[in-house]
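Sequential numbering from 365 applies to the sequence shown in our numbering.
Don't take each hint at face value.
What the hints assert, rightly or not - Across the chosen pairs, the derived CB separations fall in these ranges:
| hint | residue 1 | residue 2 | range |
| --- | --- | --- | --- |
| 1 | V538 | R741 | 30 to 38 Å |
| 2 | A420 | E480 | 21 to 29 Å |
| 3 | Q445 | S781 | 47 to 55 Å |
Because the hints were derived from the structure by calculation, they are not lab data.
As the structure is a computational prediction, the values presented were derived from the model and not from experiment.
By construction, the Cβ of each residue, glycine as well, lies at the ideal position given by its N, Cα and C atoms.
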Amino acid sequence: MAPTPLSRPVQRPARQPDRRSSAEQADVWLERCWQRGWLQRPELHPAALMKAAAGAVGLSDFGLDNGWRGRLERLCEALAQEAALTSLGTTIAYGQLVAALANRLRAAALWQRRPEILEVPIERPIIIVGQMRSGSTRMQRMLACDPGLTFTRFFESWNPLPRRMHKGFDDRIVRGWFALRLASWLNPQFKIIHPASAFAADEEIGIHNIALYGAAFEAQWRIPSFARAGEAADCRTVYEEFRAYLQTIRWLRGDQRDRPWVLKIPQFGQDLRTVLEVFPDARLVVLERDPVSVVGSSASLVHNQMAVQSRSADPLWIGREWLAKTALRKQRIDEGLSRHSGPSVTVDFHEMQLDWRSEMRRVYHSLGMPFTSDVERRMARFAARRSHARLRRHHYDIADFGLCEATIRRALDDAASDPARQVAA
């Protein structure tokens, strides 16, 4: 007997996989939680952020106001008026700013208890000066292979002070590892653009975040008013505080060895004159790369970051903004170098690609350091790592950002020939 229509098995359509990215899924989930009252919508207002940080840490003294409150106010205003943050972007911004303020609270308390920290020597640092995407991470990690030098690890940059240390357990390591895992889940492409791990040498951009300063914010969010204010500001107190955080990291390590520190943030180029005032005995490794590649790769990185958090990740605006930023930094680097009389060496990106051994040997000679066979072997192991080779998979097209070679070269040539000229964003 043939089955009747009612007795036939029901054929349910196959469930289609969710094609949205992890970031898009997280954004939808957060908005739903806020609408239903399951979670409270984060408030990006200075008073609310400071209250949240104080509640999390159990402290209330943020220390000396060296300009950070004004920067926080400008940043919050720009986030509200310019950034067009998604729900995920709002949550990320809230988390970053509360964490920065919590670090300020911990630092103020520690420096008050242990003022000797601010006497810890930071002598003859090796400062890498170069545009974003000029090979600065490669140079920093090459130099970090040398056991005679020291460097900032990723988890130290973003969390210079632990919440607690108990019998050798340092919560900063766990927090650094978790932050990288979360970032990889939300934005898998970023680990190709900038590979990182908790213990690897990394730029001190997290310390700038604690100062509520710098391009780490500008690379994530569309905040031109904050960027222009930072470009025009006197940043000496930022770098005096930056030095204090380095002293704190060294003190927490208990490292008594007088090893020169390898420092790297692309922001150094924009602020080079001030950096050299705060670190007058610095030795410089100056990086150069074809400006078309610098601007194109920078715009690609910024678009990758901004698209995760903003409804206004306009590639044409990003192209204009980072062309102007690159030109400004070119001007500032040239001016700073003209005032520097200490050891300095210039390294070309392409030459480093062709023969890193010869270039590193030249760097060591210029800085007055021995390039030993042990150091060379360590660098060779780093150069052979898959994470380093992964950078070659970063592809972009400058036309996607409304740029062409002629426009980029003209802007950088103008910056070099006329230091007073400002390139319009």
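Cross-check of the supplied hints:
1. V538 to R741: 30 to 38 Å: Since the Cβ atoms of V538 and R741 sit about 32 Å apart, the hinted range of 30 to 38 Å holds.
2. A420 to E480: 21 to 29 Å: Given range 21 to 29 Å: holds, Cβ gap about 27 Å.
3. Q445 to S781: 47 to 55 Å: Given range 47 to 55 Å: violated, Cβ gap about 35 Å.
Hint compliance for this structure: hint 3 is the single one not met.
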